[in-house]
Amino acid sequence: MAGRQIRVNINGTDHQAIVEPRLSLADFLRHELGLTGTHIGCEHGVCGICNVLIDGRSMRSCLLLAVQVDGRSVETVEGLAEGEKLHPIQEAFMDEQGLQCGFCTPGFIMSLKELLDRNPNPSEDEIKDVLGGSICRCTGYAGILRAVQSAVAKMGGGRPSLLD
Amino acid sequence: MKPAPFEYAAPPTLDEALAILSENDPDEVKILAGGQSLMPLLNMRLARPELLLDLTRIDELGGISARNGGLSIGALATKRDVEDSALVRERNPLFMESTIMIGHPQIRNRGTVGGSMVQADPAAEYPAVAVALGAELVARGPGGERVIEADDFFITYLTTSLEPGEILTEVRIPDLAAGTGWSIQELARRHGDFAIVGAVAMLRLESGICVDLRVVIFGASDRARRHSEAEALLAGERPSAALFDAAGRAVGQSLEDPTDDVHASAEYRRDLARVLCVRTLTEAVERAEGSGG
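Chains as they are written, first to last, in the working numbering: chain A, 628 to 791; chain B, 22 to 314.
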């Protein structure tokens, strides 16, 4: 199977690689680039653990081929912190115990980043719509909701009442 | 790597895509749009094409525009494009509502309008709304362009009337007529899942009399279908709870070969179709009354 050359910007850095067409973006990130912050759950688009941002939009990296991001920009959870300084969403997840085992966390965080980048003051429905796209098998949703409230407050929005 | 090996082509124009399709055995080619249904099949090796023909580099297949009396939606427009479209919001709130019911933001960011139509999942919202609205599906193939009525497009489970060498290029969605009341409701295990059963109702009120009725049930059998017997019960009548119940019973009784699977028995689906028919008719009438029709 002939490999194909792709050029892709990942977390601000340009990468070139030769990839087999059937290589998923998720496997490319993890196995070729060592970016293992993106976790893989179901590999058929249901669990929402592998969400990354493509040109600022959250998508399942298990349902994309690496060849499809040629010329695009990809953001993964590794791109959020600046050195030792966590992104406000990451801080919020830490402060509010928005993670238990942590396996689903990157998927939630990347989807929330898309939401809050576009709308710092989202409605409760918009937040739940986004959170509904990932599954936490620890069922730690109450902590995740608190983390979202905290993240919205940290990023300058209001304080949505999600736990009423 | 999960999928079986395949050759890959991502041409930048529709003409090139059609040429590639014509040069290959269509049974060995899978056409990739947003991939939210096809990629899982590839990952599970339920689909093992020799060639994956990726349309996502074809810019001419995107976009949403107004077209006399309706909307022209490029086959590769994403559900997110629809959701963000002021034009759709203004012209067709039913199509907008059905879009928001689909999957999750991460799926809608990638999944396309055309992909959902061609996938023809019997429990999907878009085919049901296309049937209810009388949408037209435009395909290009070796013989040129063909316009297919939604009711003739969806054949059965995951099967459309597209010919092997054809590619869906556009979906034409007629505007809702002034005063139209509409409703789409479904029961799904979780928000964003495919419907166990869903219903779409559309109608107008002329001097308090129901006209232009559409009742569509999806998820209950092999494809989304209109239920003319329920429509006929209401046509020319003043809306009433008793008539909605009668229409619901007619829908439940006339469902042919309801799906019976691990999620719900055939009898449960029959009853759900009845209930959702009543609920959507009730809401559609409320909306029609609210619009002053």
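Misleading hints may appear alongside valid ones.
To be verified - Interface residues of chain B toward chain A, partial, derived using beta-carbon atoms under 8 Å:
1. K23
2. P24
3. Q57
4. L67
5. A68
6. D75
7. M122
8. I123
9. H125
10. N130
11. L208
12. A285
13. S286
14. A287
15. Y289
16. S312
Treat the hints as calculated values from the structure; they're not laboratory data. Just so it is clear, CB atoms sit at the ideal spot from N, CA and C, and this is done for glycine as well.
Against the structure, the hints come out as follows:
no.	hint	in the structure
1	K23	holds, 6 Å
2	P24	holds, 4 Å
3	Q57	holds, 6 Å
4	L67	violated, 10 Å
5	A68	violated, 12 Å
6	D75	holds, 7 Å
7	M122	violated, 11 Å
8	I123	violated, 11 Å
9	H125	holds, 3 Å
10	N130	holds, 4 Å
11	L208	violated, 16 Å
12	A285	violated, 19 Å
13	S286	violated, 24 Å
14	A287	violated, 25 Å
15	Y289	violated, 23 Å
16	S312	violated, 24 Å
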